[in-house]
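**Student:** So the chains spell out like this:
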Amino acid sequence: MSNPSGAVRGLTVAEKIISAHAGRAVRAGELVIARIDGVMATDATGPLAIVAFSEMGGKRVWDPAKVSLILDHAAPAPNERVSNLHGMMRAFAREQGCHFYDIGAGICHQLMVENEHVRPGDLFLGADSHTPTYGALNAFACGVGSTDLAGALLTGRTWLKVPETIRINLVGRMPSGVTAKDVALKLVGLIGAEGANYRAVEFAGPAIREMSLSPRMTLANLASEMGAKTGLVDPAGLTLPYDFVPTSPDPDAEYCVIHSVDIGDLRPQVARPHSPGNVSPIDDVLGVRIDAGFIGSCTNARLDDLRAAARILRGRRLAAGVRLIIAPVSRRVFNHALADGTIAALSEAGATFIPAGCGPCVGTHEGVPGDGEVVISTANRNYQGRMGNPNAQIYLASPAVVAASVLAGAIADPAVVAP
Amino acid sequence: MTAPPSGDAALRGVAHVYDLDDIDTDRIIPGKRTKTLVVADMARYALEDLDPGFARRAQAGDILVVGRNFGCGSSREQAPMALKAAGMALVIGRSFARIFYRNAINIGLPVLEIGDRPHAIATGHTLEVDAEAGRISDLSDGMTYSASQLPRVMLDILRGGGLVNYLVKYGNYRLLGQPGEDS
Ligand code: SF4
Chain B
1 MSNPSGAVRG LTVAEKIISA HAGRAVRAGE LVIARIDGVM ATDATGPLAI VAFSEMGGKR
61 VWDPAKVSLI LDHAAPAPNE RVSNLHGMMR AFAREQGCHF YDIGAGICHQ LMVENEHVRP
121 GDLFLGADSH TPTYGALNAF ACGVGSTDLA GALLTGRTWL KVPETIRINL VGRMPSGVTA
181 KDVALKLVGL IGAEGANYRA VEFAGPAIRE MSLSPRMTLA NLASEMGAKT GLVDPAGLTL
241 PYDFVPTSPD PDAEYCVIHS VDIGDLRPQV ARPHSPGNVS PIDDVLGVRI DAGFIGSCTN
301 ARLDDLRAAA RILRGRRLAA GVRLIIAPVS RRVFNHALAD GTIAALSEAG ATFIPAGCGP
361 CVGTHEGVPG DGEVVISTAN RNYQGRMGNP NAQIYLASPA VVAASVLAGA IADPAVVAP
Chain C
1 MTAPPSGDAA LRGVAHVYDL DDIDTDRIIP GKRTKTLVVA DMARYALEDL DPGFARRAQA
61 GDILVVGRNF GCGSSREQAP MALKAAGMAL VIGRSFARIF YRNAINIGLP VLEIGDRPHA
121 IATGHTLEVD AEAGRISDLS DGMTYSASQL PRVMLDILRG GGLVNYLVKY GNYRLLGQPG
181 EDS
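Residue numbers (this note's numbering), protein chains in the order written: chain B, 1 to 419; chain C, 1 to 183.
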């Protein structure tokens, strides 16, 4: 492939990482078999993967040190069926000697990053659709289903088509009060729920250089809501507790689309029911009455998110008749938030804490909304029925907007409620 | 499913049409219904939140016809499994979300992409489909349509009835006719 001058064009991040794992230089459109650096499955996908693995004739996973199993989607178990599936995963992890995270340890994606099971430059498969979150680390990570995961457990490899890449250049500085979640929602609205289907997305721009790991994870997490195979955040400015070699695109890399998005005067963003792509500025939904708030999920339940909510709720009380459920992203985050007083501030304001895990994000347990109820949530999906009830309405927003809204009893601008 | 009428790959079935975009995995099968390894249980809940009567009307060998970005949302393989368990022999869509697409092939449920061109396929029409060739004939009105073809590796997986059988047979992934092939 060549550019108009006839020279061979440069490579995107996705092409570079996949090439390094395919053992040859590959470009968008090619089918490859690639070596993988790690895999993970949860209690939602692991049991089927274990069944498929044994049906494939699998006895030992290819490398137990590269396999993680996590109980987070329905944990602690809401009933005996789930408990039995958990038992099956515990037994498999014990037999195989792979990494295992029991109930309450946290949400799979956070645990993979926190415990350094995934690192920059890795090619990683997760049996969960928000696996692209590790793009925050500059890793090529994609979500697969249980049978694909079983194939990886067996062979340590997978087949994939090298994706084209959409490049998103963020222009301008983030206004104060605006967060990575608002930027991410804005981009989902712009790209659309399938705008990045089969493609990779690269996020870059000066605003990203100033972001710590947590907001980068929020951004990469929502690449899934654009349908992307993976989302890759420019590693410039990224600091990690260990040394790494960043993978950056070549200056003449070929993109299928390049978007420049000015975030200089971005307002807080809200996704309205029933699609994460149904995004508008908060001003269009101010005053929408709510029944409940949820601060949780792999998108927005880290320490900075809990602190942002506590800043607004400290010394105040939830509006009458409104409830707030909080599921910290991991036990480690919970313990930090406990030590620094964040948990006390939120609890005193009337928040209900549930164990670190997915909780009501996936509609299995721990806070299913009632008919006709309206929820404002920091999660990433608001499809009809997502929280377990097709007759509920879900709005998505940043932790600050959720905190302001549970104070007001209606969707509210944090800058007004708690200036 | 009735016996293949012509050629090995052709299948014939009755269409159920939901020409809506972004039918996500929660509407294909809600998360709360997926916590089981009993596939037959899932059949009852297929498309539950979209059309509560679907699972009752679905017959073995029927064909689901959907809009754009079908199967967006979660990675749950129970989505194609529930449709297959409900009797669907094939899903025809304008486009599919990538994880659903892979999952369907991996469990041996053929999926065909027909893009945005208008079509007149309606619920109750009988379709005859050659999935490998991407040919769809609507026997009820005589119209024919073409779908995009699957990459070779996916055809190989589908021919064996899914990824489990493929890996039992070959022991590893192979890209026939591609550089870097390792078989
Ligand atoms: S928190 Fe929600 S989106 Fe994230 S992995 Fe769990 S269920 Fe999925």
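Calculated directly from the structure, the hints in this document are not laboratory data.
Please read all numbers here as calculations on a predicted model, not as lab measurements.
Incorrect hints may appear among the rest.
A partial selection of chain B residues facing chain C, derived with a Cβ cut-off under 10 Å [as the list claims (entries may be wrong)]:
#1 48
#2 51
#3 227
#4 253
#5 390
#6 393
Even for Gly, the Cβ is constructed at its ideal location relative to N, Cα and C.
**Student:** Determine for every hint whether it applies to the structure shown.
**Tutor:** Structure-based check of all given hints:
no.: 1; hint: 48; result: 6 Å, holds
no.: 2; hint: 51; result: 6 Å, holds
no.: 3; hint: 227; result: 6 Å, holds
no.: 4; hint: 253; result: 22 Å, violated
no.: 5; hint: 390; result: 4 Å, holds
no.: 6; hint: 393; result: 14 Å, violated
Checked against the numbered hints given earlier, this structure breaks hints 4, 6; the rest are met.
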